[in-house]
Each structure stands twice: as C-alpha cells, then as structure tokens.
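Undergrad: Spelled out, the chains give:
Protein chains: 2
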Amino acid sequence: MSKVMINENEVDIVIGALNPDLTSFMEEWRPVFSRFHLIIVKDPDLKEELKIPEGFNVHVYTKADIDKIAGSTSTSLLFSGYSCRYFGYLVSKRKFIVSIDDDCVPAKDDMGNLIDAVSQHVQNLETPATPFFFNTLYDPYRKGADFVRGYPFSLRSGVTCALSCGLWLNLADYDAPTQALKPTERNSRYVDAVLTVPVKAMMPVSGINIGFNRELVGPALLPALKLEQEGKVRWETVEDLWCGMCVKVVSDHMGIGVKTGLPYVWRNERGDAVASLKKEWEGVKLMEDIVPFFQSLRFSEAAVTAEECVIELAAAVKESLGPSNPVFERAAEAMVQWVKLWKVVKT
Amino acid sequence: MSKVMINENEVDIVIGALNPDLTSFMEEWRPVFSRFHLIIVKDPDLKEELKIPEGFNVHVYTKADIDKIAGSTSTSLLFSGYSCRYFGYLVSKRKFIVSIDDDCVPAKDDMGNLIDAVSQHVQNLETPATPFFFNTLYDPYRKGADFVRGYPFSLRSGVTCALSCGLWLNLADYDAPTQALKPTERNSRYVDAVLTVPVKAMMPVSGINIGFNRELVGPALLPALKLEQEGKVRWETVEDLWCGMCVKVVSDHMGIGVKTGLPYVWRNERGDAVASLKKEWEGVKLMEDIVPFFQSLRFSEAAVTAEECVIELAAAVKESLGPSNPVFERAAEAMVQWVKLWKVVKT
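Chains G and E, in that order, give the protein sequences.
Each residue of the first sequence is one higher than the last, beginning at 1 in the working numbering.
Each residue of the second sequence is one higher than the last, beginning at 1 in the working numbering.
The reader is advised that the hints may include incorrect statements.
What the hints assert, rightly or not - On the chain E side, residues computed to face chain G include the following (Cβ under 10 Å):
id, residue
1, L137
2, D240
3, L241
As the list claims (entries may be wrong) - If you want a taste of the chain G side facing chain E, the calculated C-beta under 8 Å gives, among others:
id, residue
4, S72
5, F134
6, D192
Simulated from the structure, these hints should not be mistaken for laboratory data.
These numbers come from a predicted model, not from an experiment.
By construction, the Cβ of each residue, glycine as well, lies at the ideal position given by its N, Cα and C atoms.
Same shape as in the complex, but just chain G (with noise of 0.2 Å):
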C-alpha cells in the first residue's frame, strides 16, 4: 500500500472503558495514541473512578453526559456494557474512527515491529475497496502489489471504504463454545493482508479492533442488540455482531467497501468461557435466524444515505424477526431512537 499521509484532526480513537484503570492500556497504546484526540466512553454500569494517565488528547464521557445526550433511561441504557462507545461514534465530529477494545494492547508483525494499528486502519480507510470483484492477491492498492490479469480496467479505481475490520493475536475472538474447547488455542500466526469483503458476501464484524468512516456509515453503526444475560466478556455480547451486519449490507447498497485483515491487536485474556457458556447459547442461536435475513435483505432505491437505509433495515427487522423474538422488537426500536439522536446531535 502507497503509504497514507495521516492528518491527526481527521480521526477520533474511540475506547469503551470497561474497566477503571486505564493505566496500563493506555502506557501500551501512548507510542500509536499520543499523535490522536482520545474519546474515552466509561461505562455507567462502572462504579469506580475512571485512571488514566497524564499526556494525552482525552475527552471522556461518563453516565451524566451519555443522560444528557440521550435523555431518557430507556435510551440511554442503550449505552451500558461494551455498547458504551458507541456513545463515542454519535458525539465525535471527525471523519475516521478507530475503536480498539480495553483488554488489547499494540500487536508486533513478523520483524518484531510494533504495529500502529491506528495508522492501518486510516489507510485501509483512505485507500479503495474493491468489493465487485475480487482481487487473489489482496490489496492492490498496497506498496508491491497490484490487479492480477483479468481483473477488469474499469473497476481498477474501485469504491470508498466504509469500514476496516482488524484482527487479533493472541486471544483470537472466538465464542464461548470454541474457546472452551480449545482453552491453551492462541493465535500466532500473522497473515499479512488486506482484503476487500466481496459485495453480498456476510461476515462476523468483531468489534475488537475497527476503523470507520463516520460521516458515510456512522449512524449504521449502532448499538441495537442487548442480549437478555449481556455480560462485560465479548463472547456474552452479540451487539457488535448485529452492527456489523447493518454496516455490511448498508454498505452493499451504498454501493461502498468493507476491509478486513490487518491491522492485529494482541488481545489479552479476560473472562472465563467455561462460565459465560450457558450465557453464550442465546446468542448463537439468534444468529442461526439473523444471517438468512441480512443476506436476503434488499433496500429500496429512495434509501441514500446511511440514516434512511437504518430506517428501512429497523423495519425490516421489526416486521421479520420481530414475531420469532422480542429481542428482535427492542433492536429495531433501538435503531429508529439511535437515528433520532443522531439526527439530534449532527444538527
């Protein structure tokens, strides 16, 4: 990839504070972090006193501003547990975000180099996708690299990218049942790629480790989602799972890219899978039904934006999944209120 020039005031690093200090974390991150403005979200279900060390660009926001912002309670419970930085998406101004889970510190690549996720994921931001066909060697727009033979001309300049999906080493975010299967698996390996998710084609967005364009996809990234038993362990959520959905096909017909590959994170552990089982199978199970619904999805035309998409898709799920599932029925108004408020913030 053709090196990026980065301009710092374009990006907001959003962190979700789920646990009270910070110190550590952000002495981790201080050589990537300290270039860029800090959103730091803590969750109102925290008790304690946030910590966070001295010399960064920090705004954090805490339960008082996200009743402020969003008023009433029912609203604003939408902004517990890991939800919490999605209050950092709707009161950021800058174009990029870059969201990085609190338990990931920066990943090394095969040199032993620290890896600046931040600075990935702007470049994957700022360079296109190529979600209409689909390239064997990866980024073609990266440094060494190109479109094979075949690939057609007329597609070579490809489409804006909405979204930049990281990775992880180390603990790799699989779900309860896996990581209880395999509790000594970690994941070592590092692939040295960025790839174009094709057009129409579903994936699991994690939302570990993610960059995004704010001011084309931003209200499609939403919390909607809230398990019954939702616990502050990634594999006890699925909200991230169901905005990455949203963002996916909102993106397909925006006629827009979503990447994913590098850059890694190196996740530490946190919570113990055998205990968040019993949690976990709601969650599975409900993707058994959201998947076929995405994938059959089809907006319609007078849907341009990412706001009137979001107001069709909670439609669609309203009257589709919303029979099989009240949780279905509380995430389609949850993203009728997320747009509303939005709307308020942005104007």
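Model the placement of chain E on the given structure of chain G, informed by the hints.
TA: Chain E only, in chain G's frame:
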C-alpha cells in the same frame, strides 16, 4: 489446517509443456513430484523433442494422441499453447488434478522451507470450503484457527471444495500493461493464508498454479476462449480467465466452494511485456463484457452436474455474448464440443 493424509493414487499432476527442455523444471520439482503420477502434454505447436529427466512416473501425450482422441482438426485446435494442459484433464482418471506452469519452480516459505504445492492444493481440496459466510480468520479448518464468534454453527461444516487457486512469488500474474508499467516489480510478500471466495463473488482465476476436484467439476475446466493473436506467454492469453469464470459460476450453482491463497510457486521470467502490449488489449477489452455476463448468469434448477451447467452456459454465451464478437461464438461452440469429448472419454 489439520494435516491431511494424501493418497497419491488420487492425484494427477498435469503439466503443459510449452518448452521442449523440462530438465531443470523437473529437477527443481523432484522432491515434490516424485511421489505422484504425472501427465505431461506437449504443446502440439512444439516441434522439438521433449527432454524429461528419468525417475518420474510420467505419461507423455503429444499431438498424435490429441488427434486420435479429439478427432477433427477443429476440435484438436482447442489444445494448442497453454491449453494443451486441458487434454491432460480430459484423459486423467483421478479425483484431483494439480496443474503448474512449466516456468514455475517450488517457492520457499518465510522460514526458508520448500513449499510442497501439491500437498497444499490437495489439503485445500480435501478440507471443506465456506462460501456462504466469510470467516475473518481465513481457513477455519487450519491448525490453530477456527470460526470466529458470530459464525453460524449451521454453516460450520462447510461444503466440498471444487477448486484451489495458488499464488506466485517473484513474477506475479499481472497483465502486460501492468507488467510493462512496473518492469522491476517482483512479488516478495508471502501471505500465509487460504480463504474461500464467497458465493457470487467473481475473481480472475489464473491457470498458473491450480488444483481441482476433477470428478466434481472437471467438465467445467475447459479450453474455450482463444484470442486471435494468442501467444505463448500468459499475458497473451485469457483461456484460464474464461475457464475460471466458468468453474466459479458452476461451483456457485452446485453449492460447492473455491479457495485461493496458498500454495505459492516461484514464477520465473518469460516473455517481453512491452512486446505483448499490442496483443493483450484484445483480452483486456473482452473482460469488460465477460465479467458482467458471468455476474448476472443464472442456471436452471435442471442443471445439476458440471456437464449440464456447461451446456447451459454455452447456450447463454452464444445468445448473450455471441452477437458482440465472434470470439465468443467460437467459445460457445468449443464448450459444447468439450462436453461431448468429455463424455466420450469418460464412457
């Protein structure tokens, strides 16, 4: 990936010989090829005697064999140049075929180990493909990998893999314009991944380094699209791109998968990109019509086998593309002839 036990009796290695002296090619591949049965098909345009070193289990086919089996001159013309390898596909009686261009030698991985491209292709073909949902951690069946959180359990058994597309270190498979613009560019990036190309996503399949399940999709790997000025270097041909589009749409319809990524081969220089530029434009221009045609193609439910799909496909090519360019009309005819030939040889 869990190491697959390979049954050598199920594999044919097919080499199209465009150059008479295969000595160094075969010697470089000896550690890999010597376990397997080889089918070498001599380009019927090649006048010189083939030079093949001793110590291989090899069956050589020449113009005399092609004429005997393919009969009429018009049919046997299908098998000239790079397309001579298809004759090997036709006469093989084995489950898997691996085919590698005669200007490629074994590559080394990042640790400096010789890559056994044949075993990797067979592993790709023996383990399931996952075309219906994208796994962000690449091949979930590989050792140390799995399905990521959110991947529907109902899709985790995957489907049969039909085609395995390998890649190229040193000289990547660019078209003549790209190669001419970047004369010194060499591919040195070893991406340690195999992934399934999602259903409905189209790709440029290169014939340089592939493996496939002959029993399942053999009839769809066919010689059909021949340029007026087709030459003896890859970037003067499109036969493999056409064949790749055919096998991808057929696999999609049959509910089986196509993988890309590992194994790499080391591709040596051949040909002069600048000299090829004039010829190449015809192929480049054709792709602009070919891609939308294949992207919108739908088979009838009556087409169940690869043979039946190819016959339907040939009719669609004749009808939709034929009027725009006689090269497509000839391709449609060649596809029908190929299936006839396939049936004769197989019964």
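Undergrad: All hints are to be evaluated individually against the structure, with a verdict given for each.
TA: Structure-based check of all given hints:
Restraint check, L137/E versus chain G: the minimum CB separation of about 6 Å is within 10 Å; hint holds. The closest approach between the C-beta of D240/E and any C-beta of chain G is roughly 8 Å, which is under the 10 Å cut-off, so the hint is satisfied. Against a cut-off of 10 Å between C-beta atoms, the interface hint on L241/E holds, since the closest Cβ of chain G lies about 4 Å away. A hinted interface residue such as S72/G counts as satisfied when its beta carbon comes closer than 8 Å to some beta carbon of chain E; here the least separation is about 30 Å, so the hint is violated.
Residue-level restraint check for F134/G holds (minimum Cβ-Cβ distance to chain E is 4 Å; threshold 8 Å). Taking 8 Å as the C-beta cut-off, the interface hint given for D192/G holds, the closest approach to chain E being about 6 Å.
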